[in-house]
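As a plain string of letters, each chain reads:
2 protein chains.
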Amino acid sequence: MKNILIIGCGLIGSSLLRAIADRKISKKIFIYEKSKSNILKIKKLRLPCTITNDLKKIIPNLDLIIFCTPLGEYEKMISKINKYLSSKTIITDVGSSKKKSMQLIKNKLKKGIYWTSSHPIAGSEVSGPEHGVKNLFLNKWCILIKEKNTNKKHLKVLNKFWKKIGSRVAVMDSKKHDTIFSMTSHLPHLIAYNLVKTATDFEKQKKYNLIKFSAGGLRDFSRIAASNEIMWRDVFFNNQTNILKAIDLFIKNLHLFKRDIQSKNNKSLVKKLVDTKKVRKKIIKLKQDINRPDFGRS
Amino acid sequence: MKNILIIGCGLIGSSLLRAIADRKISKKIFIYEKSKSNILKIKKLRLPCTITNDLKKIIPNLDLIIFCTPLGEYEKMISKINKYLSSKTIITDVGSSKKKSMQLIKNKLKKGIYWTSSHPIAGSEVSGPEHGVKNLFLNKWCILIKEKNTNKKHLKVLNKFWKKIGSRVAVMDSKKHDTIFSMTSHLPHLIAYNLVKTATDFEKQKKYNLIKFSAGGLRDFSRIAASNEIMWRDVFFNNQTNILKAIDLFIKNLHLFKRDIQSKNNKSLVKKLVDTKKVRKKIIKLKQDINRPDFGRS
Chain B
166 MKNILIIGCG LIGSSLLRAI ADRKISKKIF IYEKSKSNIL KIKKLRLPCT
216 ITNDLKKIIP NLDLIIFCTP LGEYEKMISK INKYLSSKTI ITDVGSSKKK
266 SMQLIKNKLK KGIYWTSSHP IAGSEVSGPE HGVKNLFLNK WCILIKEKNT
316 NKKHLKVLNK FWKKIGSRVA VMDSKKHDTI FSMTSHLPHL IAYNLVKTAT
366 DFEKQKKYNL IKFSAGGLRD FSRIAASNEI MWRDVFFNNQ TNILKAIDLF
416 IKNLHLFKRD IQSKNNKSLV KKLVDTKKVR KKIIKLKQDI NRPDFGRS
Chain V
166 MKNILIIGCG LIGSSLLRAI ADRKISKKIF IYEKSKSNIL KIKKLRLPCT
216 ITNDLKKIIP NLDLIIFCTP LGEYEKMISK INKYLSSKTI ITDVGSSKKK
266 SMQLIKNKLK KGIYWTSSHP IAGSEVSGPE HGVKNLFLNK WCILIKEKNT
316 NKKHLKVLNK FWKKIGSRVA VMDSKKHDTI FSMTSHLPHL IAYNLVKTAT
366 DFEKQKKYNL IKFSAGGLRD FSRIAASNEI MWRDVFFNNQ TNILKAIDLF
416 IKNLHLFKRD IQSKNNKSLV KKLVDTKKVR KKIIKLKQDI NRPDFGRS
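Taken in sequence, the protein lines are chains B and V. Residue numbers 166 to 463, in the numbering used here, belong to the letters of the first sequence in order. Residue numbers 166 to 463, in the numbering used here, belong to the letters of the second sequence in order.
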């Protein structure tokens, strides 16, 4: 490619920028970033890109636009670029929730323009361009969304693009995507946030210093519960229906767990604990986590 | 010390064995272990200890006995050693729940014998003597339980013992202990088990292959949900009352979270997410986790 534009250069955007530059995928990489503090960081880090505000000039010559902003920014941003877009430019995003955002995109985007959505399953609890790494997507899944109206050519190019970045690509529709990730990602984040909230409420209530004893389990949740609040608010609002269903299923199971503890149901409780243990092995076998105790951190 | 007996040589017992040997705390370390497979592993690893069955001969000469079995084994084990015990031997354990187990100990132990309970806040999702490490307790908290009837001299010796092992010691009563750890450890484990259970239920129901996409959050929970099932069953049953209260508080908060998502209450939701983020910083400042994104695993 000759020209790629990354809109929003935080953790994901700057990791993509680094990955694209490292693999020489594009001659030029443009960055559109609204945060002044991020712009200063990008300059200080001397990331290999051109920071631009001149969308009118840049957009007609682009091969690829990648939205790396929170979902809530899409609408405003589309209205800024809409008039300059042409059908030859491939447009994608890296948002974590698809169905609702794609409806919005479809409504906002001018006729004849295609948007082919991506979701790289990679991230971190830290935000900002200073935390980006060129191998963030290496060996990670990237989901490409294919619907009835998807431009097959664009899909094919993006498939190649993510593979060059180092990702493994899976293709599915937005409905399936949002169902799967409501369970493997959105619910876990919400549960982590809720656990840390519950612990801090309890700390206030009991006037004990709890947090200093978090090494027994709480600390793991606190990492996920430190994720970017704007990104996650947007995900929770966007994938609302699936997440609410996931919460209900979680609460239903929690009541069953509670019943086992209340009635000291040895057999039922041990079965649950043994069954979940197997999932860890499966996750490691599928290379979704490292095969070292305690994440290798100690 | 001259002679220490470790009862139960799994992850914790064998880590203690290694730590005691490394720091030359005792001339001899005896191991009592009922699992034949563990005994074979200990021999193969050439751990610096004497494996024994002859409790009658060993116990009268011990300075310290450390119970490292699951809580559910205490009763049986006490009845095996009770008649050989004398008041000069310090007895401790490393159990994660205290109030109920200490009542049982008090009821079972013959008169004039003291038991001074410890809880090192250290562990892993892996079990067995092959996973033990000499620095498992280094810079970790160890809680010592002090009640009205606690032997002050034994408490003092144990305080020194854990500090030699490398731990930081905090002293509190069993009630406070069980309240704190119901929130910082027991609830997080239960929630992790429940999340993985919910995801596998959902996988079966939807017939999607979910687990392969666990890198978005689920994988973190799967680590904790791979912890030893017998140990955790015993903790859930032993600290039943506190855990049930913690579950209720968690569910109450989860309903509030759900309400924020349902009503798209931006302000309330973002406040929750921002507040929990601060806890991560606190945990790192308190050295309860490592200061690297993603636990440094990627």
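Don't read these hints as lab results, they were simulated from the structure. There's no promise every hint is true.
Given that identical chains are not distinguished, each listed pair holds provided it fits within a single copy or across any two copies.
As the list claims (entries may be wrong) - Derived lysine-lysine pairs resembling DSSO-like cross-links, with alpha carbons at most 27 angstroms apart:
| id | residue 1 | residue 2 |
| --- | --- | --- |
| 1 | Lys265 | Lys245 |
| 2 | Lys189 | Lys410 |
| 3 | Lys372 | Lys253 |
| 4 | Lys192 | Lys372 |
| 5 | Lys265 | Lys276 |
| 6 | Lys432 | Lys209 |
| 7 | Lys443 | Lys221 |
| 8 | Lys189 | Lys313 |
| 9 | Lys221 | Lys446 |
| 10 | Lys371 | Lys447 |
| 11 | Lys450 | Lys423 |
| 12 | Lys265 | Lys313 |
| 13 | Lys317 | Lys442 |
| 14 | Lys311 | Lys275 |
| 15 | Lys221 | Lys201 |
| 16 | Lys371 | Lys208 |
| 17 | Lys410 | Lys317 |
| 18 | Lys369 | Lys452 |
| 19 | Lys299 | Lys340 |
| 20 | Lys423 | Lys371 |
| 21 | Lys299 | Lys377 |
| 22 | Lys442 | Lys410 |
| 23 | Lys328 | Lys317 |
| 24 | Lys429 | Lys417 |
| 25 | Lys341 | Lys369 |
| 26 | Lys321 | Lys432 |
Violated hints - listed by number, lowest first: Of the numbered hints, 2, 3, 4, 6, 7, 8, 9, 11, 13, 16, 17, 19, 26 do not hold.
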